[in-house]
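Visitor: Chain A is fixed; fit chain B onto it per the hints.
Residue numbers (this note's numbering), protein chains in the order written: chain A, 1 to 527; chain B, 1 to 112.
These are calculated hints, taken from the structure and not from any lab test. Warning: the hint list may mix true and false statements.
Pairs of lysine to any residue residues, derived as SDA-like cross-links and limited to a Cα-Cα distance of at most 25 Å, are as follows [as the list claims (entries may be wrong)]:
hint, chain 1, residue 1, chain 2, residue 2
1, A, LYS330, B, ALA51
2, A, LYS3, B, PHE73
3, A, LYS3, B, LEU77
4, A, LYS3, B, ARG83
5, A, LYS52, A, LEU358
6, A, LYS330, A, LEU318
7, A, LYS330, B, PRO48
8, A, LYS330, B, LEU63
9, A, LYS3, A, LEU381
10, A, LYS330, B, PHE59
11, A, LYS3, B, ASP78
12, A, LYS3, B, TYR74
13, A, LYS330, B, GLY50
14, A, LYS330, B, PHE47
15, A, LYS52, A, GLU121
Pairwise CB distance ranges, derived in the manner of DEER restraints [stated by the list, open to error]:
hint, chain 1, residue 1, chain 2, residue 2, range
16, B, GLN104, A, ALA249, 16 to 26 Å
17, A, PRO158, B, TRP46, 21 to 31 Å
18, A, SER360, B, GLN104, 44 to 54 Å
19, A, ILE362, B, ALA51, 31 to 41 Å
A quick note: this is a predicted structure, and the numbers were derived from the prediction, not measured. Here a beta-carbon is modelled for each residue, glycine too, at the ideal position from N, C-alpha and C.
Read off the chains here:
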Amino acid sequence: MIKLSQERTRRLIAVHGWSAVVCGLFLYVVVLTGAVAVLVHEIGAWSVGGSKVAEPMAVPMDATLRTLAQQVPEAQREDVSLFANAAGELVVFFHTHQLNPATGNMEDFGTLMDVDPRSGEVLRSREGYGGEVFNAGPGDALDRFIVDLHVNLHLPDPWGLYATGILGLVMLVAAISGLLIHRHLIKDAFVAPRPSGALLQKKDRHVLAGTWGLVFGFVLAFTGSFFSFATALGLPLVAITAFGGDQVAAIETLVGAPAASDDTPAPMANLDAMHERSAREAGSVPLFTSVAHWGRADSQVLVFHSPAEGQLTGTSNLFDGASGEFLGVKPSLGTVPSAGTVAFDLMGPLHFGNFAGLLSKIVWVCLGLAMCYVTITGLQLWLQRREHDPLWQRLAGSVEVVAYGTPIALAGAAHAFFLSYGRADTHLWVASGFIGFSILSILVGLVLPRAALHRTLAGCLGALLVLLPLTRMLLGGTPWAAALATGNGVVVAMDMVMVLSGVICARVAAGLRWMPRFAAPLPGAAT
Amino acid sequence: MSVDTTEKTTHPPDGPGRGPLIARWIVAGPLVLIASILVMAGMTVWFPEGAAGINHLAFPLLLFPAIWALLFFYALLDARPWRAGAVILALAVANGIPVVSALQTMMQGGAQ
Numbered sequence: 001m002i003k004l005s006q007e008r009t010r011r012l013i014a015v016h017g018w019s020a021v022v023c024g025l026f027l028y029v030v031v032l033t034g035a036v037a038v039l040v041h042e043i044g045a046w047s048v049g050g051s052k053v054a055e056p057m058a059v060p061m062d063a064t065l066r067t068l069a070q071q072v073p074e075a076q077r078e079d080v081s082l083f084a085n086a087a088g089e090l091v092v093f094f095h096t097h098q099l100n101p102a103t104g105n106m107e108d109f110g111t112l113m114d115v116d117p118r119s120g121e122v123l124r125s126r127e128g129y130g131g132e133v134f135n136a137g138p139g140d141a142l143d144r145f146i147v148d149l150h151v152n153l154h155l156p157d158p159w160g161l162y163a164t165g166i167l168g169l170v171m172l173v174a175a176i177s178g179l180l181i182h183r184h185l186i187k188d189a190f191v192a193p194r195p196s197g198a199l200l201q202k203k204d205r206h207v208l209a210g211t212w213g214l215v216f217g218f219v220l221a222f223t224g225s226f227f228s229f230a231t232a233l234g235l236p237l238v239a240i241t242a243f244g245g246d247q248v249a250a251i252e253t254l255v256g257a258p259a260a261s262d263d264t265p266a267p268m269a270n271l272d273a274m275h276e277r278s279a280r281e282a283g284s285v286p287l288f289t290s291v292a293h294w295g296r297a298d299s300q301v302l303v304f305h306s307p308a309e310g311q312l313t314g315t316s317n318l319f320d321g322a323s324g325e326f327l328g329v330k331p332s333l334g335t336v337p338s339a340g341t342v343a344f345d346l347m348g349p350l351h352f353g354n355f356a357g358l359l360s361k362i363v364w365v366c367l368g369l370a371m372c373y374v375t376i377t378g379l380q381l382w383l384q385r386r387e388h389d390p391l392w393q394r395l396a397g398s399v400e401v402v403a404y405g406t407p408i409a410l411a412g413a414a415h416a417f418f419l420s421y422g423r424a425d426t427h428l429w430v431a432s433g434f435i436g437f438s439i440l441s442i443l444v445g446l447v448l449p450r451a452a453l454h455r456t457l458a459g460c461l462g463a464l465l466v467l468l469p470l471t472r473m474l475l476g477g478t479p480w481a482a483a484l485a486t487g488n489g490v491v492v493a494m495d496m497v498m499v500l501s502g503v504i505c506a507r508v509a510a511g512l513r514w515m516p517r518f519a520a521p522l523p524g525a526a527t
Numbered sequence: 001m002s003v004d005t006t007e008k009t010t011h012p013p014d015g016p017g018r019g020p021l022i023a024r025w026i027v028a029g030p031l032v033l034i035a036s037i038l039v040m041a042g043m044t045v046w047f048p049e050g051a052a053g054i055n056h057l058a059f060p061l062l063l064f065p066a067i068w069a070l071l072f073f074y075a076l077l078d079a080r081p082w083r084a085g086a087v088i089l090a091l092a093v094a095n096g097i098p099v100v101s102a103l104q105t106m107m108q109g110g111a112q
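If we strip away everything but chain A, and leave its shape as in the complex, we get (with noise of 0.2 Å):
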């Protein structure tokens, strides 16, 4: 039990209450596209029907890589990237490194190849700096339109990161206030919803769901205000500090200082046989490889891997380029193991819940569905109290229009993805289809009345998501039996997801309660 003065407490129901008011609806779109953004990879194998191969990055791909080097201009031989899309295509980018004059920023410019990995044929190429090349493809639409909406709610650099990391400290201050001014932390872990009154029913429940996700809450706050400021802040004030502004030295003390340069051109040794070795060490295929300084005789290639059976992080070897020889585990920064290392390791596992494959994802999702519940809640409990007040009943009404508007919107944009997938710039529907479909929302939001509302949008939500499967199959999306026959199981999964999501949906438009409510407060309803 935690004792506070009352004018302590008072101090932090306030700060709990307003942080909410101020950024929760912000912060519930935030967090409710990171619950989606778990399963950004199932997503994007979902979107194109599956992958091509189940191992992209297992298949032998040296003779098709010594082909396409070939095919470059030779300044942009100097770095090259590796991994696989959504879709089971190598992604392969040949590039150099050069001020963008559009940023003022040295960066990666190069060429972009999607290639099949059983024939080797370019399936599509794109010529530009990183931040315009990467996730272009059209197969990549979806899944980055999502990632980008809960990384910077699409804002321009750095303003969408500052946004992103002020609400991760808005959720921190939430959690934190929240377990100070919960006086029995362990009974409200076991609080049952009173049935005297629908004010003290939804705050029962808005205090389950808070306790048990608290931890939860923290660590993602935590960690997503990491991600958000350290790159877009923190990096370049301790590159002040400590380098004189020079980041490019704080970035390669941090990953440790490349090898001394020796540009005697010498031939590159078998990439296959190097991955063939790190996947034996690592106890996974490769994730990510990047070769740095190709064809040179100070060629070094470092292969990425996911987190192996039983461990919480995933490694990196590193090989000499010209030789072929495995030159150990890389530390993902400096070049010994510490303590930095470890902590800054557990940063993305504790983020995106990858750790425990599927499972652990699936947790993290509905533990973030679970904070999703918390935030709309709570906001309906400090507008259920000024019940009164005509000020905050027209917030009352957005409030049930972004809860439900925000996946309605994500489903829209998942349709339009599936209506122009191969046939047009899925980029522009996907983030078309998601405008489109907020603005339907805030005017059903405001023709509808209030009593009317929560049904309506929920029989809209519930109905876009059980037609999701069927866009999909019907636009020449990959049907059931064949996904299945190609270990495209992830498909049918996802398909199946969609139509459970869409019945719940549909049960709570008919009045059946079968989940919680996402109801505004309706006059005379407290207690």
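Guide: Chain B in isolation, oriented as in the chain A frame:
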């Protein structure tokens, strides 16, 4: 868990009028934000480098949210906002000196 942080005051903690309330807003808002940014940047100077020589760079970045939260709740819960403001200001100044010095060096280098 039993943490007794009961406030022992003989007078209203925020005093009469809106002055203390405004002071607390200023301290817990902009001052805490500026102070935590300066502490993060200043930490690179005094934090141990560790075996890999990166702890003084990594931990300030990793701990920024914690530094901000710690200072924010101190500013919020201290009975006297002016005292909290003075402590946080002192912290900001102490950690801001190496930042300002590095900025000056950088600007002089740029001018030359």
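Visitor: With reference to the structure, classify each hint as holding or not holding.
Guide: Hints versus structure:
A hinted pair counts as satisfied when its Cα atoms are at most 25 Å apart, and LYS330(A) with ALA51(B) qualifies at roughly 15 Å. For the given pair, LYS3(A) sits about 15 Å from PHE73(B) by alpha-carbon distance, which is consistent with the 25 Å threshold. Between LYS3(A) and LEU77(B), the direct Cα distance comes to roughly 13 Å. Compliance with the 25 Å bound is thereby established for this hinted pair. Restraint check for LYS3(A) and ARG83(B): satisfied, since their Cα atoms lie roughly 23 Å apart, inside the 25 Å limit.
For the suggested pair LYS52(A) and LEU358(A), the alpha carbons sit about 20 Å apart, so the restraint of at most 25 Å is met. Among the hinted pairs, LYS330(A) with LEU318(A) is consistent with the structure: their alpha-carbon atoms are about 6 Å apart, no more than 25 Å. At roughly 22 Å between alpha-carbon atoms, LYS330(A) and PRO48(B) fall within 25 Å of each other, so this suggested pair holds. The hinted pair formed by LYS330(A) and LEU63(B) meets the criterion: a straight-line CA distance of about 24 Å does not exceed 25 Å.
With a CA separation close to 24 Å, the supplied pair LYS3(A) and LEU381(A) stays within the 25 Å bound. In summary, the hint linking LYS330(A) to PHE59(B) is supported, as the alpha carbons are separated by about 19 Å, within the 25 Å threshold. About 15 Å separates the Cα atoms of LYS3(A) and ASP78(B), which keeps this hinted pair within 25 Å; it holds. Simply put, LYS3(A) and TYR74(B) have alpha-carbon atoms about 16 Å apart, close enough for the 25 Å limit, and the pair holds.
At roughly 17 Å between alpha-carbon atoms, LYS330(A) and GLY50(B) fall within 25 Å of each other, so this suggested pair holds. Only pairs whose Cα atoms come within 25 Å are accepted, and LYS330(A) paired with PHE47(B) is accepted, the gap being roughly 24 Å. For a cut-off of 25 Å, the pair hint linking LYS52(A) to GLU121(A) stands: about 13 Å separates their Cα positions. Look at GLN104(B) against ALA249(A): about 18 Å separates their beta carbons, and that is inside 16 to 26 Å.
Hint check: PRO158(A) to TRP46(B), Cβ distance near 27 Å, so the stated range 21 to 31 Å holds. Between SER360(A) and GLN104(B), the C-beta spacing of about 48 Å keeps the proposed range 44 to 54 Å intact. A C-beta distance of roughly 38 Å is found between ILE362(A) and ALA51(B), which places it inside the suggested range of 31 to 41 Å.
The structure meets every hint from the earlier list without exception.
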